[in-house]
Amino acid sequence: MNIKKKIIISFILSFLTILFVYNDYFLYKKPILKINDIKEKIENNGTTKEKNITQTISGTIKNGKYKGKEVKVINHTTTSGVYDEQLHKHSEVFVEVKSDLTAIGINGVKRDKYVVILIIIFINSIVFVAGRKGIKTIVSLIANIIISLLAILLFQKHARTWNMLILYLFVSIIFVTTSLLITNKKSKKTFSAIVSSIISFIVSFSLAFIIIKLYKKPIPYWTLEYIEAVHDYENFFYVTILLSGLGAIMDIAITISSSLHELILKDPTIKYKNLLKSGKEICKDILGTMNNVMLFTCFTSVIPMTFLLMKNNIVLGDAIKMYSQVEIIVILTSCINIVLAIPISLYVSAFMLHPSKKRKESI
Amino acid sequence: MITILSIILFTLLILVGKSRGLKTFGIFYLNLFLILVYLFIISIGLNAIIHAIIICIVVTATTLFGLNEVNVKTKSSFKAIMIILVIIFLLTFFIGKRANIQGFSAESLEAIGGYSFDINYDMTNVLIGMFLITTIGTIIDTSISISSALNEVHINNPHLDKKELYNSGMNIGKDIIATTINTLYFALVAEFIGFFMWHYGSGFGYIINYKSFVVEISKLLLSFIASILVIPLTSYIASRDLLK
Numbered sequence: 425m426n427i428k429k430k431i432i433i434s435f436i437l438s439f440l441t442i443l444f445v446y447n448d449y450f451l452y453k454k455p456i457l458k459i460n461d462i463k464e465k466i467e468n469n470g471t472t473k474e475k476n477i478t479q480t481i482s483g484t485i486k487n488g489k490y491k492g493k494e495v496k497v498i499n500h501t502t503t504s505g506v507y508d509e510q511l512h513k514h515s516e517v518f519v520e521v522k523s524d525l526t527a528i529g530i531n532g533v534k535r536d537k538y539v540v541i542l543i544i545i546f547i548n549s550i551v552f553v554a555g556r557k558g559i560k561t562i563v564s565l566i567a568n569i570i571i572s573l574l575a576i577l578l579f580q581k582h583a584r585t586w587n588m589l590i591l592y593l594f595v596s597i598i599f600v601t602t603s604l605l606i607t608n609k610k611s612k613k614t615f616s617a618i619v620s621s622i623i624s625f626i627v628s629f630s631l632a633f634i635i636i637k638l639y640k641k642p643i644p645y646w647t648l649e650y651i652e653a654v655h656d657y658e659n660f661f662y663v664t665i666l667l668s669g670l671g672a673i674m675d676i677a678i679t680i681s682s683s684l685h686e687l688i689l690k691d692p693t694i695k696y697k698n699l700l701k702s703g704k705e706i707c708k709d710i711l712g713t714m715n716n717v718m719l720f721t722c723f724t725s726v727i728p729m730t731f732l733l734m735k736n737n738i739v740l741g742d743a744i745k746m747y748s749q750v751e752i753i754v755i756l757t758s759c760i761n762i763v764l765a766i767p768i769s770l771y772v773s774a775f776m777l778h779p780s781k782k783r784k785e786s787i
Numbered sequence: 039m040i041t042i043l044s045i046i047l048f049t050l051l052i053l054v055g056k057s058r059g060l061k062t063f064g065i066f067y068l069n070l071f072l073i074l075v076y077l078f079i080i081s082i083g084l085n086a087i088i089h090a091i092i093i094c095i096v097v098t099a100t101t102l103f104g105l106n107e108v109n110v111k112t113k114s115s116f117k118a119i120m121i122i123l124v125i126i127f128l129l130t131f132f133i134g135k136r137a138n139i140q141g142f143s144a145e146s147l148e149a150i151g152g153y154s155f156d157i158n159y160d161m162t163n164v165l166i167g168m169f170l171i172t173t174i175g176t177i178i179d180t181s182i183s184i185s186s187a188l189n190e191v192h193i194n195n196p197h198l199d200k201k202e203l204y205n206s207g208m209n210i211g212k213d214i215i216a217t218t219i220n221t222l223y224f225a226l227v228a229e230f231i232g233f234f235m236w237h238y239g240s241g242f243g244y245i246i247n248y249k250s251f252v253v254e255i256s257k258l259l260l261s262f263i264a265s266i267l268v269i270p271l272t273s274y275i276a277s278r279d280l281l282k
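Chains C and F, in that order, are what the protein sequence lines are. Add 424 to the 1-based position in the first sequence for the working numbering, that's all there is to it. Add 38 to the 1-based position in the second sequence for the working numbering, that's all there is to it.
Don't take every hint at face value.
Below, computed lysine to aspartate or glutamate pairings styled on EDC-like, alpha-carbon distance capped at 20 Å [as the list claims (entries may be wrong)]:
| id | chain 1 | residue 1 | chain 2 | residue 2 |
| --- | --- | --- | --- | --- |
| 1 | F | 212 | C | 686 |
| 2 | F | 56 | C | 705 |
| 3 | C | 465 | C | 448 |
| 4 | C | 475 | F | 213 |
| 5 | C | 690 | C | 705 |
| 6 | F | 61 | C | 508 |
| 7 | F | 135 | C | 509 |
| 8 | C | 557 | F | 213 |
| 9 | C | 453 | C | 516 |
| 10 | C | 609 | F | 213 |
| 11 | F | 56 | C | 709 |
| 12 | C | 493 | C | 461 |
| 13 | F | 249 | C | 448 |
| 14 | C | 458 | C | 516 |
| 15 | C | 641 | C | 658 |
Worth flagging that the hints you see were computed from the coordinates, not collected in a lab.
Okay, chain C solo, but in the shape it has when bound (with noise of 0.2 Å):
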């Protein structure tokens, strides 16, 4: 298939994903009002400094029962939007309808499409720039999504009597496992990733472990996101930071068992000790950028918590204090596990690719 055929095939059914969910009414229970107009009243009564707005919207029924009818609803919202919805024209909401054709409030906004969208582009771009190995690379994104989701499964199946920390410990070599050999030819250096990564991350884990454990003040787990659909607070923390640098820990090891590999097939005959003054030369290069990802990613989650605070008069460092120190302790150990995880990737790497019979030679 040339180039040609494949964009206008995937440009096709791109445009067939979205054009169905927009129309996907029919796969809802709940009503679906689509809006048609909007009334604003803007008022501001003096008590606040933000405005209030009174929406009143028009629009048609999309699907269920009452599908065509013309309802009525109405909306309260605010210039800010903290904990309310402002609706536009082109949103479409949930509501609930009585059979009097009167519409008793709104249950939430439709936005399966967006997300769609976004799966859409990502799922074009990779597979466009990457080929086939982009299309491993989703797969390999879906085998994590589902381990994932069986592993909530089966700690909610069972009571929650489960240790989740030691749940998710074991989860986790399912994770370093599926991802890294779904993702490489099956071979000695994904093998050694495999193993480097286990390692790695039950090393500087356990590290971690200790030094919280050791460390007597509390920790403010409970500012953790969603920590309160889980009993077990200080365990969800643990698992928080096992989890948030798994990533990081595989493309570490794989990029080192690769290189090693490199080194090996170039020159057969390297010796033991030339292999890890290589090895430490590309340690260094690849030192550093990962610890700004995991930042970025991570620490941003904050900024609407700590906004909100800091709107409400709350000095930055407090606000820090009160909502942010978990997610900067989570961000650090993770960093730490990420650095720990090269040296013990370099020697384990090593210790297994190296020819055994040479090491011994060379030792």
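Given chain C, put chain F in place with the hints provided.
Just chain F now, kept in the frame of chain C:
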């Protein structure tokens, strides 16, 4: 606790990376400081989107030129990142303005309940700013990997023309995509696990339209898209600039 962990991180970085470790530590704390500066800037009422873009540019400049030097490869990375920033901005702007995902969801109600919501500041802008800053780390990481690898290829094979150089950039990119996606997925997976435990038993239709789920998944997908698209762009710009 933060001090103890910082000292451990500092020692490890020095042991593994010597002077580069020191630089890494410095850049890490500088970036953390810049995020705090951003929080301060928006809390005094300045525009959250414009200042997020400015912070992203400053972060890119310090990370690229501070951790490495000012040379052809960092300059071409910088150009590529600026273009990606524009693309990601358009995408986040579209999602942020349309999907009604600003502010907080029901899970946060207990945490935010004690505070006033009357802040007179459009939370949509904060959301778009957050998305932009989330993606910048991975964009820089991917872009500098491509441009420095291409630089090595160019030094070792000076006879390669623009097209061949671009192709080898894309080949390197193909190899790093899988691990980058993996790194990002695991960096955010704990939040998803918490989310699914909270909403355990809810249907698919409920979850895919749920505010905080859409925020988390957009964050993840935008980071994926940004780190993929930066590969051909960096390859193109670096292969052009290296041959100049």
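Hints versus structure:
{"no.": "1", "hint": "F/212 to C/686", "verdict": "holds (18 Å)"}
{"no.": "2", "hint": "F/56 to C/705", "verdict": "holds (11 Å)"}
{"no.": "3", "hint": "C/465 to C/448", "verdict": "violated (32 Å)"}
{"no.": "4", "hint": "C/475 to F/213", "verdict": "violated (52 Å)"}
{"no.": "5", "hint": "C/690 to C/705", "verdict": "holds (17 Å)"}
{"no.": "6", "hint": "F/61 to C/508", "verdict": "violated (44 Å)"}
{"no.": "7", "hint": "F/135 to C/509", "verdict": "holds (11 Å)"}
{"no.": "8", "hint": "C/557 to F/213", "verdict": "holds (8 Å)"}
{"no.": "9", "hint": "C/453 to C/516", "verdict": "holds (15 Å)"}
{"no.": "10", "hint": "C/609 to F/213", "verdict": "holds (12 Å)"}
{"no.": "11", "hint": "F/56 to C/709", "verdict": "holds (11 Å)"}
{"no.": "12", "hint": "C/493 to C/461", "verdict": "holds (14 Å)"}
{"no.": "13", "hint": "F/249 to C/448", "verdict": "holds (19 Å)"}
{"no.": "14", "hint": "C/458 to C/516", "verdict": "holds (5 Å)"}
{"no.": "15", "hint": "C/641 to C/658", "verdict": "holds (13 Å)"}
When the structure is compared with the earlier hints, violations turn up for hints 3, 4 and 6 and for no others.
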